[in-house]
Structure formats: structure tokens, C-alpha cells
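Residues per chain are reported as follows:
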Amino acid sequence: MSAARTADILTYVALIALGVFFAVPFAWLISLALRTPAEVYLGAARFIPSEPTLANFATILSDPAFLIYLWNGLKLSAAGGGLAVALAIPAAYACSRIDFRGRGAVMVSLLAVQMISPLVILVPLYRWMNALDLLNRDISVIAIYGALGMPLAVWLLKVAFDAIPRELEEAAEIDGASRVDILMRITLPLARPGIASAFILAMVMNWSQFLIPFVLLERDADWPISVAIFNFAGSVSASTTQLLAAACLVAVLPAVTIFVLLQRMIVSALIAGAVKG
Amino acid sequence: MTATSERAPGQVHPAPWLVPAVLVLAAFYAVPVFDVARLAFSDASLVDPATEVSTAAFRAVLSNPALPGVVATTLLFVVVNVVALQILGLAIALLIARGERRELPGMAAFRTLVLAAWVVPGIANGLIWQILFDEAPYGTLNSILGGLGLGPVAWLSDPQMALVSAVIANLWQGTAFSMIVLYAARRGIDPTLYEVAALDGAGPWRTFRAITLPLLRRAIAVNTVLVSVQTLNTFDSILALTGGGPGRATEVLALFTFNTVFYNLDLAAGCVLALLLFALGMAFTLLIGWLNRGASET
Chain F
1 MSAARTADIL TYVALIALGV FFAVPFAWLI SLALRTPAEV YLGAARFIPS EPTLANFATI
61 LSDPAFLIYL WNGLKLSAAG GGLAVALAIP AAYACSRIDF RGRGAVMVSL LAVQMISPLV
121 ILVPLYRWMN ALDLLNRDIS VIAIYGALGM PLAVWLLKVA FDAIPRELEE AAEIDGASRV
181 DILMRITLPL ARPGIASAFI LAMVMNWSQF LIPFVLLERD ADWPISVAIF NFAGSVSAST
241 TQLLAAACLV AVLPAVTIFV LLQRMIVSAL IAGAVKG
Chain L
1 MTATSERAPG QVHPAPWLVP AVLVLAAFYA VPVFDVARLA FSDASLVDPA TEVSTAAFRA
61 VLSNPALPGV VATTLLFVVV NVVALQILGL AIALLIARGE RRELPGMAAF RTLVLAAWVV
121 PGIANGLIWQ ILFDEAPYGT LNSILGGLGL GPVAWLSDPQ MALVSAVIAN LWQGTAFSMI
181 VLYAARRGID PTLYEVAALD GAGPWRTFRA ITLPLLRRAI AVNTVLVSVQ TLNTFDSILA
241 LTGGGPGRAT EVLALFTFNT VFYNLDLAAG CVLALLLFAL GMAFTLLIGW LNRGASET
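These protein sequence lines map, in sequence, to chains F and L. Sequential numbering of the first sequence, starting at 1, is according to the numbering used here. Sequential numbering of the second sequence, starting at 1, is according to the numbering used here.
Please keep in mind that the hints were generated in silico from the structure rather than gathered at the bench. Positions of the beta carbon are idealized from the N, C-alpha and C atoms, including for glycine. Treat each hint with caution, since some may be false.
Just a few of them, taken from the derived set where beta-carbon distance is under 8 Å, the chain F residues facing chain L [unchecked claim]: (1) Leu29; (2) Ile30; (3) Pro124.
The following residues of chain L were derived to be distant from chain F, with all beta-carbon distances above 10 Å [as the list claims (entries may be wrong)]: (4) Val71; (5) Thr192; (6) Leu215; (7) Asn264.
Next up, chain L with everything else stripped away, as it sits in the complex (with noise of 0.2 Å):
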């Protein structure tokens, strides 16, 4: 039995075990990646195997007229959303932790509405902010708006109005996550900083600047990234809001790409756009491994 000490925990041998998992990462996103920078190389269509090596897709898709506009549009929808979501999550987040350490009652409740938007498929979500942003008299909004005298307002039919209703729809969506990530990083904050704070006679306002603040950098960081990352390959719910429009208004490149491969059926178009997505999702992750590096140096 000279096997038992190397059965011993931290002896055993890891590759058997992590066999499924290499397999899964190779078979459905290593080697899928690799196939998709060789089809927007090509003349492939969805379903017609590739028959020459060529950069008509590269050149089609970068002189195509609309791009600039998506990625406009795209970058705009990104930025608006990261930096909402990190204030409205980092609000709640404090709000129920300082409910919970009061114990006021309501807080669990208040944390499962917003998750429970957080688990509507994002086609429902869509469909149902259409319903909400119906430009009808009787249409949700409007007859609210009508009813305290004002609007109304051209939710979908005005591209910019349009773009807002898109944010509105997402951040309806993507609070909890950063409510989830921000509140966990809350409660990893040793309780006995704030109470030296209280001591020497520190605002609320101080103790957030001097000490929440600071603590939750990381968490942040971290957040911004992955829910960068999140909001870039979001296309489900603007496809049942908007469907892009009006025009090209709310067409983000997810979308963009899901249209080209999907409708038009330009797969080589598509595979370049979905290159371009990917290297910006990876340029995200690198530096989230950059952040974390930062972090547990210090």
C-alpha cells in the first residue's frame, strides 16, 4: 500500500479530475474562438464550408457605414449603464446593510424585488418594458405621466429617448449584480473601523469617504469589469425592446453581430464582428487579472 501517503490531501495527482473541465473549455470555447478568426478569414456562409482564404470580410465589415455608428452607439450604452449600475448597486448595497444593522424590518424583502428582476429572462424584459413604454394615452408611463399632467413622451419612436428607455430597461435588469457583488464586499468590512470612526466623532459622509470608499475600491474595480463585460454582450432585451431601432438607434454591436450572422446570413461578416466583440471582452478580463494581481500584493 505504497499508495496511501500519496492518497494523502495534496498529494493526489489533479489531472484525472480536471479532465471534464479542460475537455469543455477546449471542445465549446477555445477551439470555437479559433474557428471563428479562421471563418472571418473566409467566404463561409452558415451552413457552406469555406473554399478560399480572403480579408473581403474584414474589409466589408470595417467600410460598412453603419459600424461607426454601432460602435457609437455601443460604447455609449456601456459607459451609461457601468457607471449606473455601480451607483445605483452601491446604493442599495449600503442601504440594506445599514437596514440590516439597524434591524429594520423590510430588507430581505426589498433585496428579493430586485433580484427577482434579475432572473426575468431578457426577452421577457424587453416585452415588458415595451408594454411600460407603450406611447398609447393608455400606455403604462405616459398614462401616469398623463395623469400628473405631463408628457407624453416618445419613449421608442425618438433615437435618443430611445437609447434612455434601452438604459432604463437594462438597469432594471442588472442592478442585483452589482448589489450582490457590492453588498458581499460591504460585509467583509471589519465593523470595528466604523466604530473608531463613530468614536472620533466622524459623519456619515467621512466615514463613506474615509472608509467605505476606499475598502470597496477593489470590489469596484472588479465590478465595473465584469458588468462592462455583461452590458457589451447584452442584445436579448433590446432585440424584444426595440429591435435596434428606431433606425440603427439602439442597434449595440451584440446586436449588430446577432443581425448580420442571423438575418442577413453574412457569416464571415459576423465572425469578424464577433472577433471584435471577443477582443474587447478579453481586453476587460485582462484587466480584471491585472486588478486582481494589484490586490493581493498589497
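One chain only, chain F, in its complex shape (with noise of 0.2 Å):
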């Protein structure tokens, strides 16, 4: 009993070190974002501001452009995710109720493209898309995110869909139901929290995209954040660091909120995944 007790103590001394190292960027960064500029220059002696200011908040959000590169991140995330999404629901549909040769191989293709890199792959997209008149549209920019989170939900929405009863189709079945049907009314409905994980798991790694909206879009008013603050970061200075970290908090602030609160149904999904894969 006592020995569990020490090694209880011993969990806890390294899961506080390792929480340190964690919580640190994060502290700091808020710590940064409420100083005023004179603190800034007082390093750690000042991690808690004296004269914590909102002041750094307001300037960057009452910058309309801002604004914008928030809401062009969202609305290009949102989609990228839900194209990836509405990609997979068929493949993984088959994936796990039609018993077909090769079903191993789509599987295992769908893991192995997801080793390319980005980079690999955009030198001819970005040639197509300007074939296409394509380029600084951004139906371009979703197209590729829909092809880049596809792989993933497909594996997700697989697991989600095998957890689903097989009884409950075929009961609909024998009533008559088609397979989109069935699919649409039954199968969609209880893979529910599979799907939403796998929209908010592709959403998330689209707000983190920086490489495809920075070379497939020009202008600046289409960028999304991720694009923006690499540029802002390139024309701030020191005396403004404060600035610089809290535009990182806000572009960081939305993927950590939605993540944070669903993470248990997306970590679940993900555990069930990595099972599995």
C-alpha cells in the first residue's frame, strides 16, 4: 500500500515536470499577450502583469483584416472538412459492410498517401489549378484540403461504422430499404459522433494548413490566419512582441477551444482508430 502510495507521488512529480514543459508556451504567451509594451522588456519577473491591458487584444481585432483572415480560415477549414467528409462516407461505407477483394488494399492506400507530403504533390496541382484559372479561388484551396483529410475520415468513419449493429440494416432491409436508404437513414444518423470527429479532426488540421492557402492564394484578403500571421510576424519588432503573441493566441485560440471540448469524443474516436490501424 505504501508503495503504490510512493509511486503515486513519483506519477505525480513527473506529470507535473512534464506539465511545466506543456503549459509553458502557453502561460507565456498569455502572460505576453496582456502586457504593456514596457513590461514586456521585464521578462520573467513580470509573468504576471502588474497592469494586465487588453489593450494588445483590441488592437488586433479592431484591425478588420483581421477579422477577415479568421473568418477566411474558418469558412475555408469548414468546407475543406466537410468535402472530406462527404469524400468518405461512401468508401468507408464500403469499406465496412461490403465484403469485397482488395478491401485490404484501398485501406492500406489510403494509409500510404497520407505519407506524401503536401509539398510533394502541389507543384503540379498548383500548375493545374492555373490551367484551370483556378489560382487566388477558394474553391481551389478546398478541393486540396478535401483531398488531404479524406484519407483520414475514411479510417475513422470506418471504425465508427463498424461499431453500428448490422442487424439494424438488415432489419430495414427486409423491409424494403435501399442501401442509400439505409445508409441515409440509419447508418449516417448513429455514426453521428464518427462523423462529427472526423469533420472537427479534418477541420483542425485545415486552420493548421499554412503551405496550400500561402501558394495557391495571392491576395491578401483571401489568406487565412495561419497565412497571416506568418507575414504579420515578418513586419512586427520587439517592441511589439506583445502584439505578435496575441495574434497567435487568437489564431490558436479556436482549433484548442473546439478540441478541448470535444476531445473526448475525438480522442475516443482516435483510440478506436489506432486500435484498429
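Once you've looked at the hints, go ahead and assemble the two chains, each given alone in its own frame, into the complex.
If you want it as C-alpha cells, here you go:
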């Protein structure tokens, strides 16, 4: 009993040490974002600002361009995530419900393409988008987000579909419902948590994407936040670190918040996927 | 209604269901990869078409004096990250699993914290750590070290230290993935094995060596491959953190490729480098298939 107690204490010691490593960047970012320029120069001594201010956030958020970047990021991420899930549903359903030769090959090739860096395929895709006159259009970014998000979505949705008892579908089938009817009326509603997890994950990945919008969207007004903060960082100096910190927080917060709120659902979907994969 | 029996589960033709996924795989992955290979042997630019077949780009890339350094940096960056990510991820997964078994409070909060770092965009990750590594006396880490009477450390201006800093930033963000994979695998181990070990009087270290580690071997192997490829393809956080500098000290292959195509606008050379990235990634992927086959036979 006391050995277990000692081990409990050691567990906490180790977790706290690791926790400091993971928490410091967030804590520091918040601390800097709340400081006045003068306090930035005081370093660690002013970890808790003596005159905390929201002025940095006000500066950032009162810039209409910044709100446009946030909106662009949201728009592109959501549309791309939705497309990825829509493309993934039929394939995931087939892999879950239909026994066919080559099913394993489909699943493995979906895993394999995830090894391909967007950097590899972006050059040809850029040229095609250019030829189709789709550069600087949201649709080009959304299409690529859909393609990049689809493989993981198929895996997650297959696991979600596998968890739904076939008997429910068979009952509907006896009643004469078609496959598509069954999918729309029974399978998809029952798989709602899995679908939501796949969508949110794809969306969070898209929110983080830098390369694709950076290359495909040239106009400042089309940029999502990930591209905008990179550009913003190039224009700030030491005297505006607190503004950069506030901008980073604003860029990070939506993804972190949604993930933290929904993490129980998403993590269990990921764990189920990891066990099967 | 002869179709009724054909519509029974397991007897439907899969092809129509697979059309969207297969089209996407073809249009966005397979064809572009072939196109990259074609462009690598051409004189095309980012917007102009190819006019002739040539191996000039290959020769130019292979004779580029920067390449050996870039490859060496890449390998070092990947190897160090992968080893550290496994150790950190495994340690956290086992600590959380233990805490949950003992019903200690705070485990979910800790897991959330690690996962929160995971969803930070790569660019923001680079910018956040650039702020933390600020070498001015009031910079985060240096002012903390200064308070302890240590430092200052040249986090980003010293070439070797810059690579260490890039690894630290990558670990902060990447650990969550290893944690999830290994945590899932750890939960899959039959608890009775541990009960038997406890009855036999095995200590924690012996239990770890005799039960946990052997049963996690496959998960660790698969995770190694996934994490290696992810690390190989990482470049946005390094771009924001150091821009590849000082000099080329932190310029990994993916960043080098990015710079070649989108800053130097040397498309053919970029495609040669992209092929190199692709080949390395695929080599790891074949390894995963091979490891999975070994596991399903046993």
C-alpha cells in the first residue's frame, strides 16, 4: 500500500515536470499578450503583469483585416473538412459493410497516401489550378483540403460504421429499403459522433494548414489566419512582441477551444482508429 | 425482385461506393506524383510548360554543395525527434494509464494539455517558440535562466543550439500523437497479465520489461514509421522559428524543397527534391506494411 502511495507521488512528480514543459508556452503567450510594451522588457519578473491590459487584443481585433483572416480560416477549414467527410462516407461504408477483394488494399493505400507530403503534390496541383484559372479562388484550396483530409476520414468513419450493429440495417432491408436509404436514414444518424469527430479533426488540420493557402492564394484579403500571422510576424519588431503574442493566441484559440471541448469524443474516435490501424 | 438476395449484406458490388475515393486518390495523389517525376526531368518553371526532357535538374541538385548538409541535418532532426517522441509519448501514456488505474485526479486535464499543443498550427508553433527563445535579456527562457543565475543561451543564433531548439519546439507539438497511439495500445493489454505478474511478485521494472514493452512492440514500430514520416515532412514550424538559419543550420529537406520551388522558383530542382522526399516517405510506408504483415501472422 505504501509502495503504491510512493509510486503515486512519483507519478505526479513526473507529470508535473512534463506539465510545466507543455504549459509554459501557453502561459507565456497569455502573459505577454496581457502586458504593456514596457512590461515586455521586464521578462520573467513580470510573468504576472502588474498592469494587465486587453489593449493588445483590442488592437488586433479592431483591425478589420484580422477578422477577415479569421473568417477565411474558418470558411476554408469548414468547407474542406465537410468535403473530406462527404468524399469519405461512401468508401468507408463500402469498407465496413461490403466484403470485397481488395478491401485491405484500399485501406492500406489510404494510409499510404497520408505519407505523401503536400509539398510533393502541390507543384503539379498549382500548375493545374493555374491552367484551370482557379488560382486565388477558395475552391482550389477547399478541393485540396478535401483530398488531404479524406484518407483519415475514411479510417475514422469505417471504425464508426463497424461499431453499428448490422442487424439494424438488415431489418430495414427486409422492409425493402435501398442501400442508399439505409445509409442516409440509419447508418449515418447512428454514426453521428464518428462523423463529427472526423469532421472536427479534418477542420483542425485545415486550420493549421499553411503551405496550401500560402501558395494558392496570393491576395492578402483571401488569406486564412495561418498565412496572415506568418506575414504579420515578418513585420513586427521587438517593441511589438506583445501584439504578436496576442495575434498568435487569437490564431491558436479557436482550434484549441473546439478540441478541448470535444476531446472526449475525438480522442475516443482516434483511440478506436489507432487500435484497429 | 431477384435483386433482394444480391442486396444482402456482403453481396453488393463495391465499385460505385468506391468511385469518389478512388477518383480523389488518382487526381490528387497518383497523377501529381507522376507529374512531379515528369517535371523533374524537364525544364519547366512554375507556370511555363516543359519544352524538353533533360536530366540537368537532377545533376544540378545532386551537385548542389548545400545538399549533403541539408540531408545530414534532416536525418539528424528526424532521428533525434523520433527517439525523443517515442520516449516522451511512452512515458506520458504509461503515466496516464497508471494514474487512471489508481483513479488519481488530474489525468484528463494533463492529457488535454498535451493535446492542446498538438492542435496549435505549425506556423504558430514556430512563432511561439521564437518568442520563448528570444535571446534578449528579457526573453522568456533566458530571463528564467537568468533568475536562476544561469545563461544566457544562444538558442537561435548558435547553429547547433538552433537545431536543438527546433527539436524542442517539434517535441512540444508532436508528443501528443505518440501519446495517443501508445496509450491506445497500452489499454489493449489484457489486465490479467499484470495481475499474474503481481501475484508472482514481479516489480515494476520487471513487469515493464516482461509484459508492457514486448506487447507494445508493434505499436512502437508502427508509431516509429508514422512519426518519422511526419517529422520528415515538417517544415512550417521551422520556417517560422528559424527560417532554416542561422546559415543552413536548421534547413531540413522539406524546407529546402519549399525554398527551392517557391522562393528560387526553380521548379525542376524542386521536383527532384520532392521526389526525394516522396521516395523516403514511401520507403517508410513499405516498412509499415511489412511490419503489419508480420504482426497479423503471429
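So, going through the hints one by one against the coordinates:
Look at Leu29 of chain F: its Cβ gets to within about 6 Å of chain L, closer than 8 Å, so that hint holds up. Because the smallest distance between the Cβ of Ile30 of chain F and any Cβ of chain L comes to about 11 Å, over 8 Å, the interface hint for this residue is violated. At its closest, the beta carbon of Pro124 of chain F sits 4 Å from a beta carbon of chain L; the interface hint therefore holds under the 8 Å criterion. Listed as outside the interface, Val71 of chain L is consistent with that label: its C-beta sits roughly 16 Å from the nearest C-beta of chain F, beyond the 10 Å cut-off.
Once the 10 Å rule is applied to beta carbons, Thr192 of chain L is consistent with being away from chain F; the minimum gap is 18 Å. Its beta-carbon lying about 13 Å from the closest one in chain F, Leu215 of chain L satisfies the requirement of being farther than 10 Å from that chain. Distance check on Asn264 of chain L: its Cβ is at least 13 Å (rounded) from any Cβ of chain F, clearing the 10 Å threshold; non-interface status holds.
The structure fails to meet hint 2 from the earlier list, while all remaining hints are met.
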